[in-house]
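Chains as they are written, first to last, in my numbering: chain A, 37 to 149; chain B, 38 to 148.
Keep in mind that the hints were calculated from the coordinates and are not lab data.
The beta-carbon is built from N, C-alpha and C at its ideal position, and this holds for glycine as well.
Hints may be right or wrong, so weigh each one.
Here are the computed distance ranges between Cβ atoms for each label pair [unchecked claim]:
no., chain 1, residue 1, chain 2, residue 2, range
1, B, R91, A, K88, 34 to 42 Å
2, A, M51, B, S65, 18 to 26 Å
3, A, Q50, B, R91, 46 to 54 Å
4, B, R97, A, D54, 45 to 53 Å
Now the stretches of chain B that chain A is said to cover, found in silico as 3 or more residues with beta-carbon under 8 Å [claimed, not checked]:
no., region
5, 43 to 55
6, 112 to 118
Short, incomplete list of chain B residues facing chain A, as computed with Cβ under 8 Å [what the hints assert, rightly or not]:
no., residue
7, Q70
8, R78
9, F125
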Amino acid sequence: DTAVSQTPKYLVTQMGNDKSIKCEQNLGHDTMYWYKQDSKKFLKIMFSYNNKELIINETVPNRFSPKSPDKAHLNLHINSLELGDSAVYFCASGLGLRNTEAFFGQGTRLTVV
Amino acid sequence: SQQGEEDPQALSIQEGENATMNCSYKTSINNLQWYRQNSGRGLVHLILIRSNEREKHSGRLRVTLDTSKKSSSLLITASRAADTASYFCAFRRDYGQNFVFGPGTRLSVLP
Chain A
37 DTAVSQTPKY
47 LVTQMGNDKS
57 IKCEQNLGHD
67 TMYWYKQDSK
77 KFLKIMFSYN
87 NKELIINETV
97 PNRFSPKSPD
107 KAHLNLHINS
117 LELGDSAVYF
127 CASGLGLRNT
137 EAFFGQGTRL
147 TVV
Chain B
38 SQQGEEDPQA
48 LSIQEGENAT
58 MNCSYKTSIN
68 NLQWYRQNSG
78 RGLVHLILIR
88 SNEREKHSGR
98 LRVTLDTSKK
108 SSSLLITASR
118 AADTASYFCA
128 FRRDYGQNFV
138 FGPGTRLSVL
148 P
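Chain A with its partners taken away, still in its complex shape:
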């Protein structure tokens, strides 16, 4: 019954590797987001997709590539991982682009060693 689910929950990997985080929502939402939460708990938007189309791409290195195969999924692929990529990544979904709340997944804690 999980509304927004991310996998994996924890990811430990070495510098230079490529990894993916998957996100799925079963709420029927048409908008999905990726957020990065750093060690100081700051939350920063990375990407926003509406109906599988990229709406927002904040200043994120192009090593990060989101992929939305359908409205219910928004995966995040990261190439050539760096130490500074260590953070908790949250997927979220919402309905439309206006006055709606966002539903968050449980987060993926990525540790690059």
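Since chain A is already given, all that's left is putting chain B on it; use the hints.
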């Protein structure tokens, strides 16, 4: 850079007391929302207040919005140990704009 600020950064109170957290922002907004994050978990939406509203209630939560001061406050009345969490304000400027989150207030409610 962060476009929202919250204070206090941390707040510690006894069960039964009220907790007040404040959020300030710099741009005009469409709406402002408050979220709660328990340790190691995702964010949970608490309440949304639109730019033309001044106050909103939900259970033990009361949110106010002062657009002239570009600030909002979240009041939790009769706090419980289960309210221990980080609380974030988030706002959206216009249609299609992303949510901007404040840095959060870490609330500890002691039994």
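inquiry  = Check the structure against each numbered hint from earlier and tell me which ones fail, lowest number first.
reply    = Those not satisfied are hints 2, 5 and 6.
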